[in-house]
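Chemist: If you read the sequences in order, they're chains S and Z. As numbered in the working numbering, residues 1 to 271 make up the first sequence, in order. As numbered in the working numbering, residues 1 to 258 make up the second sequence, in order.
It is possible that part of the hints are untrue.
[To be verified] Below, a list of computed lysine-lysine pairs in the DSBU-like style, where the Cα atoms sit at most 35 angstroms apart: (1) Z/136 <-> Z/195; (2) Z/195 <-> S/88; (3) Z/30 <-> Z/17; (4) S/182 <-> Z/133; (5) Z/40 <-> S/170; (6) S/88 <-> Z/17; (7) S/170 <-> Z/133.
[What the hints assert, rightly or not] In silico contact screen, one side only, chain S against chain Z (beta carbon under 7 angstroms); selected entries: (8) 155; (9) 158; (10) 162; (11) 167; (12) 168; (13) 169; (14) 172; (15) 174; (16) 179; (17) 180.
By construction, these hints were calculated from the structure, which means they are not laboratory data. All figures in this text were calculated on a predicted structure; none of them were measured in a lab. Ideal placement from N, C-alpha and C gives every residue a C-beta, glycine not left out.
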Amino acid sequence: MADRIASSLLKLLTYIVFVISTAVILFPVFKGIRYFNPTFFTEFPSQGMTQGGIFPAIVGSLLLMSLVAVFSVPVGVLIGVFLSEYAKPTWLSALLRTTITTMTSIPSIVYGLFGLAFFCITMGFGTSLLSASFTLSIMTVPFVGGSVSNFLMAVSNDLREAAMAIGADKRETVFMVIRAAKTGILSSTLLGLGRAFGETAPILVTGAVFYATNLPRRLTDPIMTLPTHIYAVVTNFPEDAYWMAYGSAALMVIIIVAIYSIVQWIRRRSS
Amino acid sequence: MDTEAKLVNKEIVYEMKNLSAWFGKNQVLKNVSLKIYRNKITAIMGPSGCGKTTLLRCFNRLNDYTESFRVEGDIFFNGQNIYQMDPVQLRRRVGMVFQRPNPFPMSIFDNVAYGPRIHGLAKKRGLSERVEKALKAAALWDEVHGELRKSAYKLSGGQQQRLCIARAVAVEPEVILLDEPTSALDPIATERIEKLLEDLSSRYTIVIVTHSIGQALRISDYLGFMYKGELVEFGETSQVSEDPRHELTQLFLTGRIG
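Input sequences plus hints: build the corresponding full structure.
Modeler: Here it is, written out as structure tokens:
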């Protein structure tokens with residue numbers, strides 16, 4: 001009896017959570033998707049954000065994510081491989097592991113502040129695409145590294161021994177382990193980039209402008225991005241500009257759902 | 001006398017002398033000495049935890065990567081001390097098959113071709129022949145030759161284990177070590193593997209660890225019995241089974257310990 005009550009209670013809770021999260025996903029999509037038209041995707045905003053589209057924000061986010069992918073994926077994967085396959089179990093590697101876990105839970109605005117101080121000011125990159133992509137990369141590397149190392153460590157030792165027993169050296173054995181974990185590695189990087197894609201605060205202080213008349217031409221030019229555009233619209237413009245925020249939010253949600261669906265599809269296909 | 005000694009030595013592939021081994025403070029092998037004879041099947045039996053797997057893994061130095069492992073004593077492989085050899089080179093000449101089938105996450109073909117590839121043993125053409133030969137030697141060819149591109153994970157447990165044997169055979173080692181290779185398999189798959197090992201013993205030296213007395217008696221030429229880290233008994237299988245020197249062996253063979 002108690003078991004049945006507990007299980008129906010858990011079921012009910014699950015349904016509630018499911019309904020709420022679906023609502024969070026669907027609300028901006030329903031509210032924003034009606035503004036989707038060719039103009040919305042291809043034009044600059046105009047008339048105080050009441051006309052035009054979000055073209056520069058889309059391009060900005062794309063450029064930013066490409067750079068973040070280039071900077072953070074190789075480094076993240078290498079750190080993951082090092083932690084799982086090379087690091088000896090010493091206090092130093094334990095410290096490194098703890099640091100990486102801690103870094104994934106530091107508030108993103110702190111990364112923003114660091115980026116502002118280091119990349120924008122000390123390195124002299126200014127408020128720019130470059131500063132923002134370095135800042136987001138520093139945020140993404142620990143997530144990808146930690147996640148990749150978890151996937152590699154989950155690979156059974158049987159496989160490492162199978163490779164060693166046939167005369168594979170360390171490098172060849174590691175490649176075999178990477179091969180076995182490749183869907184996990186791929187989904188780690190996609191999820192890491194998905195997280196970075198939605199970040200607002202760090203870009204706000206290191207690379208974004210509310211309105212740009214031109215697309216960035218150099219790495220040191222500032223950019224518009226989708227999340228910072230939403231922020232700009234709702235904080236600095238009257239309500240008749242809000243539609244643009246809903247449209248942008250709808251696009252972001254669709255992209256994130258697409259990324260997660262790809263991850264799920266990859267995982268299902270491999271199992 | 002000298003030439004005779006050499007002749008005898010050619011028949012000895014491995015000679016283990018006074019080997020003791022520890023994981024941390026726990027001594028798992030106690031002063032073990034034995035010889036492994038060429039193209040014979042040597043079986044090591046004993047109850048769980050007696051050290052037989054650790055013993056087997058000494059032959060290809062597969063314990064060495066475990067941080068807490070420590071070893072004393074000597075093992076000679078064709079007269080050469082294995083602790084003075086590059087372990088990667090040693091393992092190229094000594095194949096191993098594990099308790100649970102552990103194919104690589106690759107196609108059937110690539111699994112078998114992996115060893116020859118990393119050791120640069122065959123060009124593209126020779127490679128297919130080598131793979132075919134190895135799969136035939138492992139009695140798997142007839143079942144898989146039409147689907148070599150299929151993932152190895154799609155095979156049954158018994159087929160996977162024969163694939164692992166093929167993978168080991170493909171680099172043409174001198175010795176094949178097997179660690180309870182049939183304990184995860186059903187009786188029919190087990191029988192196939194036992195038959196296969198007898199066929200393979202004409203070309204390879206085989207060392208098999210098993211906790212099945214029946215299996216040890218059926219297939220081995222030499223038989224060792226381990227108990228609590230010691231090699232209690234070692235000799236020709238007929239002698240050990242009919243007239244064991246040690247009481248513990250007698251007790252194990254009759255099912256009263258183990």
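Chemist: Taking the hints in turn, state whether each one holds.
Modeler: Taking the hints in turn, this is what the structure says about them:
no. : hint            : result
1   : Z/136 <-> Z/195 : holds, 14 angstroms
2   : Z/195 <-> S/88  : violated, 43 angstroms
3   : Z/30 <-> Z/17   : holds, 11 angstroms
4   : S/182 <-> Z/133 : holds, 31 angstroms
5   : Z/40 <-> S/170  : holds, 32 angstroms
6   : S/88 <-> Z/17   : holds, 31 angstroms
7   : S/170 <-> Z/133 : holds, 28 angstroms
8   : 155             : violated, 9 angstroms
9   : 158             : holds, 4 angstroms
10  : 162             : holds, 4 angstroms
11  : 167             : holds, 4 angstroms
12  : 168             : holds, 6 angstroms
13  : 169             : holds, 5 angstroms
14  : 172             : holds, 6 angstroms
15  : 174             : violated, 13 angstroms
16  : 179             : holds, 6 angstroms
17  : 180             : holds, 5 angstroms
This entry does not satisfy hints 2, 8, 15, going by the numbered hints stated previously.
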